[in-house]
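**Student:** Residue-level listing of the chains:
Protein chains: 2
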Amino acid sequence: MVNIAVMGYGTVGSGVVEVMNTNHDKIASSAAQQIKVKYILDVRDFSASPYKELFIKDFEIIENDPDIKIVVETIGGTGIAQEFTRRCLLAGKSVVTSNKELVANHGHELITLAKERNLNYLFEASVGGGIPILRPISQCLAANEINEIYGILNGTTNYILTRMIKNGVSMEEALAEAKYKGYAEKDPKDDIEGYDTCRKICILSDLSFRRHIYPSQVPTKGISQVEARDVSLLAASGDRIKLVARAVRTGESSVAVYVEPHVVLKDNLLANVEDVFNCIMVRGNAIGDTMFYGKGAGKLPTASAVVADVIDASKHINARKYVDWSAGGPDAVTDSALLENRMYIRAAISPERVRELFGCIKVIDVNDTQTAFMTEEVLDLYELREKIGDTRVFALYRVLD
Amino acid sequence: MVNIAVMGYGTVGSGVVEVMNTNHDKIASSAAQQIKVKYILDVRDFSASPYKELFIKDFEIIENDPDIKIVVETIGGTGIAQEFTRRCLLAGKSVVTSNKELVANHGHELITLAKERNLNYLFEASVGGGIPILRPISQCLAANEINEIYGILNGTTNYILTRMIKNGVSMEEALAEAKYKGYAEKDPKDDIEGYDTCRKICILSDLSFRRHIYPSQVPTKGISQVEARDVSLLAASGDRIKLVARAVRTGESSVAVYVEPHVVLKDNLLANVEDVFNCIMVRGNAIGDTMFYGKGAGKLPTASAVVADVIDASKHINARKYVDWSAGGPDAVTDSALLENRMYIRAAISPERVRELFGCIKVIDVNDTQTAFMTEEVLDLYELREKIGDTRVFALYRVLD
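Here the protein sequences line up with chains V and Y, keeping their order.
For the first sequence, counting from 1, position 362 maps to 745 in my numbering; every step adds exactly one.
For the second sequence, counting from 1, position 361 maps to 744 in my numbering; every step adds exactly one.
By construction, these hints were calculated from the structure, which means they are not laboratory data.
One thing to keep in mind: the hints can contain errors.
No copy is singled out in the list; a pair is fine if it fits within one copy or between any two copies.
[Said to hold, decoys possible] Below 35 Å or equal to it, Euclidean Cα-Cα: the simulated DSBU-like pairs (lysine-lysine) are:
id	residue 1	residue 2
1	Lys649	Lys704
2	Lys698	Lys682
3	Lys421	Lys604
4	Lys745	Lys564
5	Lys649	Lys452
6	Lys698	Lys421
None of these values were measured; they are calculated from a predicted model.
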């Protein structure tokens, strides 16, 4: 039998306890032994909970109990969560988490600490909620050099963009609806401005390209500037605006990585990823393109990924899993503005002038004052700016085909 | 360092040697040690190969070399491949394979043999080519009770159906094109009649529902009866005919499983899976729906999955991976005709009579002699037959929405 502790009884933490309970037999059979929640750490009062006997408020009980081999950290953030994670590892306990902010900012040092002590620090649930993605990248694609990753990594913004497309409403209206349905937090800034997506592409890049990428190194643009007008102009031909994170290998140990809304053409599978679903494309040099799809958030999907890591850690109590990457640095990233794409532009310019500048284009909409179009040629952002000069640009998106 | 042997230097076997060579550094780093191909077993002559020194014709050299810890079986079939696999396991060597026929028919006994000897028998490449699917099911979804799996598991038939949809050609013409392009074998029966798909859904079921399902227990219908007429009638509204394998949990340790062409409605992601791509949907009780997509066949994708298993086996030389399921039996499967779906039917019947029988329907096409329609209600095949009586039916497909 393995005893575990759960730190933080919020959405994911309570989901972990629920999944451990509901799927008890399946979990025991997968782990080839019983796994028992011995403590739940939370400062709040849960005296009405069916698990009330398990609640403690003092972290040191976990830290000092040699019976506890695995600790689940579902506190979130980089404050106390980081301190407790460090102390658990120093006390000889493996740690499993869904805390993307902590992994994106301090993953390398925490993994190094775990490695020195022959322990595991696992975080499958930090990207894509329940979608299996980190383990497939580090294990199933272990024989591949990964050259590119991109995807829809945030359910809240994808829900909002889906509403804008289907109902023709504005960003503000769609956001209000998302809040009403519980898909967006009261303060939705982390989602809307792309910060949540940014942390996830950092973790995917860490694992795929094997150097630590910090969120501060990733140019990040959210969806707050997306206009209903462009959404509906594109929707007419089935194309979609989606918030996409993308990381492209640019050297032996460097990557260009950024987060921003893209135009996704209708034949790309990502165009049909709707509502709160996520989808991640991984391109390897042997496997080609492979894609992973599912609910990117939510209590039970995320909790089931945490529990899968607990099962894995329970099978490797005395053996390290090989999740690992090197330290970061300024040379780990190269300028993402140099990545070339076809471009969607809506600007105060005539179609004739656009053709002079860009040659073959697809005109999407024209009126007296502006033209919306897609270039046929691919170009980087510097080339684009040079061509477009001081023309007034209302919308500009890279195109994913 | 770990020494391995590759048995069978066909498409996949030669791909394994190629991937081991091309991605040597990445593989060594993932495995945290060097992996070296010491022997290649093949009865044919490869004296012009750059690896000519590695070729042997005598299996006993591998069997008796204590240096060889892992053997790759890419011979295929259930004859000599089965004998060599057994003998490798008996000689204390882990075995990695892409041989779906062997796993589908004898997986349980070979895993049991491996288990008794604390060895691994791994076969990620047997389903979905390079798509990570078996490891995600057995590890990442380990905390889920899986309730349903369905998918497009055969690239050849999907290529043929895609051609029929896009070019409006007949099955025979599309097959000829597939052969010309190397996507179909000279004798394409295993693909066209659904046998290959059947083996794969058996392996997926084994892992997900944890009892051995034999191919002979799975009602299997291929695409040879699919008519261009239905394909194009449905294509008008974006719906597709796809060869789908499906397994649905029907009890604690039983499953209804079958292979047949389905109508896939246009909003299902499977509808956009084209050409030689595969896509597998897994429904868990905590995670909900999750989907895996990529190239389901091909030398390098499949080889990269084999090599990932080799890496995994090399990290677990003295520890078993927990791939496991129970013995099969007649009670492992229940009657798949009892599964309910909406149905697509083209029959010698009038729309009025159809409405009398089925209530609300979607009429797809009508002419003097027949009606093509989709039922709104879901019903099983017995209910359907009772309603339709002795009406002449030209086409009948379950609908996946």
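**Student:** None of the hints should be skipped; say for each whether it holds.
**Tutor:** Structure-based check of each hint:
Neither within a single protomer nor between protomers do Lys649 and Lys704 lie at most 35 Å apart by alpha-carbon distance, with minima of 39 Å and 41 Å respectively. Taking the closest pair of Cα atoms, Lys698 and Lys682 come within 35 Å of each other both inside a single copy (25 Å) and across two copies (33 Å). Taking the closest pair of Cα atoms, Lys421 and Lys604 never come within 35 Å of each other, the shortest separation being 43 Å inside a single copy and 51 Å across copies. In this homomeric assembly, Lys745 and Lys564 come within 35 Å of each other (Cα to Cα) only across copies, at 32 Å, whereas the closest approach inside a single copy is 38 Å.
Taking identical chains as interchangeable, the C-alpha atoms of Lys649 and Lys452 are never at most 35 Å apart, the minima being 48 Å within one chain and 48 Å between chains. With identical chains, the CA atoms of Lys698 and Lys421 are at most 35 Å apart both within one copy (18 Å) and between copies (31 Å).
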